[in-house]
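Engineer: Given next are the chains, with one letter for each unit.
There are 2 protein chains.
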Amino acid sequence: MIRNMDELLKAASSGKSHTLAVACAQDPEVLRAVWTARKAGMAEAVLVGDEARIRALAEASQLSLDDFSIVHEPDETLACRKAVSLIRKGKADALMKGAVPTAVVMRAALDRSEGLRRGSLLSHVAFLELRKWERVLLLTDAALNIAPGLEEKKKILANAVRVAHGLGNPSPVVACLCAVEKLNPKMPATVDAVALTEECRQGKITGCQMFGPAALDNALFPAAARRKGMEGPLVGCADILLVPNIEAGNMLYKALAFVARAGAAGVVAGAQAPVILASRADSRETLMHSIALALVSMEANTTGGV
Amino acid sequence: MIRNMDELLKAASSGKSHTLAVACAQDPEVLRAVWTARKAGMAEAVLVGDEARIRALAEASQLSLDDFSIVHEPDETLACRKAVSLIRKGKADALMKGAVPTAVVMRAALDRSEGLRRGSLLSHVAFLELRKWERVLLLTDAALNIAPGLEEKKKILANAVRVAHGLGNPSPVVACLCAVEKLNPKMPATVDAVALTEECRQGKITGCQMFGPAALDNALFPAAARRKGMEGPLVGCADILLVPNIEAGNMLYKALAFVARAGAAGVVAGAQAPVILASRADSRETLMHSIALALVSMEANTTGGV
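Quick mapping for you: the protein sequence lines, in order, are chains A and B. The first sequence begins at 1 in the working numbering and counts up by one. The second sequence begins at 1001 in the working numbering and counts up by one.
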C-alpha cells in the first residue's frame, strides 16, 4: 500500500512501461515533467502539438527530445483529438493536458463517438500527502463535478475507490464529509451522507468501508471523532474524503496543498484512460506527482476494478 | 490594526472592561477560559447554571470563583434565557455558551421578543492566524448559514466587515471565494461573486474592498492570482474570505485550524451582543482567543459599525 509521495513515485517507476499522450505539448513545465518522468523510468510520451514550438521550448530548457515521438498538429482542438485517438488505438495509456484550456481537452476526451467515455462519470481524484501525520488521502471531487446528487456521488466515489485499489489499498475508508457530524434535514449533504453510509453497510456499495456524516476534524483524527461521540474503528481514519460540492472540495484541496503544504497530485478518473490536467496553479512537483498517480491508478483500471 | 493572535489578546485586555454572561457554565474548559480571561484583565463573568456543579468543577480544577457572580439555574433552557436577559438588561456584554447544545443557546438568543436580534442576520465569523505568512484572516460563514443566497451573503459580509472594523481594519479586502476565478453560469457561487463585487464597485456595499470570483490560492497569494491572469492591487491580499456555503466554510476552517495549525477563534456576529459558541472540537487556546475576538469585535458594534 502506498503511504507517501516517495512510494507513489517509486511505484510509478517500477510498474510496467506506459506511454503518455500529451495534448498541445508546447508548454515548458509539461515538457520538463514528461522529460523527467521518462528519465525516471515512469513513462514514454508522444508529444502532440506545434512541433516547432515544442522543439524551441525544449531547447530553451536544455531538454533533449531524442527519445520522444512528436506528432505535429498546431490546431489545439485537433491536437487534443489526435492525443485521444492515440489512446483509443492502444498507442498511449494516459492523456495529459499541455498548453490548452481544460475545456478543450475535456471536450475531446468526452466526445461520445471518438472520446474516452466508458459509461461512468468522469471525476477528479486528488492525492494528498500529510507529511506531519505520515498519511495520504484521496479527495474527490475538487475540480469537475459542481453539485453532484446522490447517484453522481456514488460514481465519483467508485472512481476514487478504484484509484485507491490501484494504490494498493483494497478496502479504503471513506469519510462522507459535511459541515457537521449529524443528520440535519436542512443540510442535503448530511442526508446524502447517511444514505451512502447505509448503502455501504448493506453491501450495495462495495470495495470500501464508510462513515459519515463527518466533519473534517473527525474524518482525520480519531480523538476528535470521539470528542464528538462518534464510535467505531473507522472514525478519524479516512483514506478517501468525499466532499458534497466543488467549492468545499476545491477550498479543502487548496488549503491542504497551498497552506498546509501537503504534497499534492491529481488525476481525472472514470474514463478509458486517466487524464492529467496540469494547472498553472500547481507546482512543478505536483505535475510529476500527477503523472505518477495516473500511472499507478491504472493498475486497478486494467485489472477490472470495482 | 490587529495582525496576530498576540495583538488580539492584548487588545482584549487593554480595552474597557466587559462582562460575559455564561449560559450553563458547568463546563470545565469554559470555566478555565473565563477564569483565565478575568485574570488577564479581559472580562468579568456572570456564571449562569447549576451552582453546585459549577463550584465542584472549579474546585476540581483549582479555580477560585471568589470574583465571579453565580446565578443558580439548573434548567438549561432557563439558564440560556437568564444569560440573554443579563445582556438585555445591560449587566453583561457578550453571551458565552457553556455545557449546553448550540441549538438551545441560539434559540434563546434568537427569541423574537426576549432575544438578542437586531434585525440583521446572525452569522459566524472565524479569525485565523497564518503564522507562517504573518497574516490574519476572517472567514465567514463556516458554522451557521447553510446555503445563503445573495441577500443573505450581503448580511453575512456586513457582519464580518463590522468585526474587521473592530479589529482596526477600516477597509478590509474581501475575496468572494469560489472553486474557480471566472464567471461560470453553471456555478451559482460565481454568479453571486460577480454580483457582490459589482455592487461593491458601485458603492452599494460599503466599508470594504472586494474581488472575486477567486479560488483560495489566488485569494491568499498575489503570485498565484497573477499566474491566473488576475490583475489589480487587491488580488491575493484577502482579509476576509466569504465562502458560498457552510460545507466549504467548515472544511476550510478546519483544514486551516487543525491541519495547517492556524491560530483560531470564532464569534457569532449580527446580534445585539457577540455570542461565543465553544465547541468540543476547539482547543483551549481557541476558547480564549474567541473570548478575545468577541470583546474586540464589540469596539465597532458599540460605535455604530457599517
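Derived by calculation from the structure, the hints in this document are not laboratory data. Please note: incorrect hints may appear among the correct ones.
Only some residues are given here: those of chain A computed to face chain B with a beta carbon under 8 Å [unchecked claim]: (1) 35; (2) 187; (3) 191; (4) 194; (5) 195; (6) 205; (7) 228.
Glycine is no exception: its CB is placed at the ideal position from the N, C-alpha and C atoms.
Engineer: All hints, please: hold or fail.
Structural biologist: Evaluation of the provided hints:
Against a cut-off of 8 Å between C-beta atoms, the interface hint on residue 35 of chain A is violated, since the closest Cβ of chain B lies about 22 Å away. A distance limit of 8 Å between C-beta atoms decides the matter here; for residue 187 of chain A the minimum to chain B is near 6 Å, and the interface restraint holds. With its C-beta approaching chain B no nearer than about 12 Å, residue 191 of chain A sits outside the 8 Å limit, and its interface hint is violated. Restraint check, residue 194 of chain A versus chain B: the minimum CB separation of about 15 Å is more than 8 Å; hint violated.
Interface hint at residue 195 of chain A: violated, since its Cβ lies 16 Å from the closest Cβ of chain B, which is beyond the 8 Å cut-off. For residue 205 of chain A, the shortest C-beta to C-beta distance to chain B is roughly 21 Å, which exceeds 8 Å, and the interface hint is violated. Given the 8 Å rule on beta carbons, the hint for residue 228 of chain A holds: about 6 Å separates it from the nearest Cβ of chain B.
Of the numbered hints given earlier, the model fails hints 1, 3, 4, 5, 6; all others are met.
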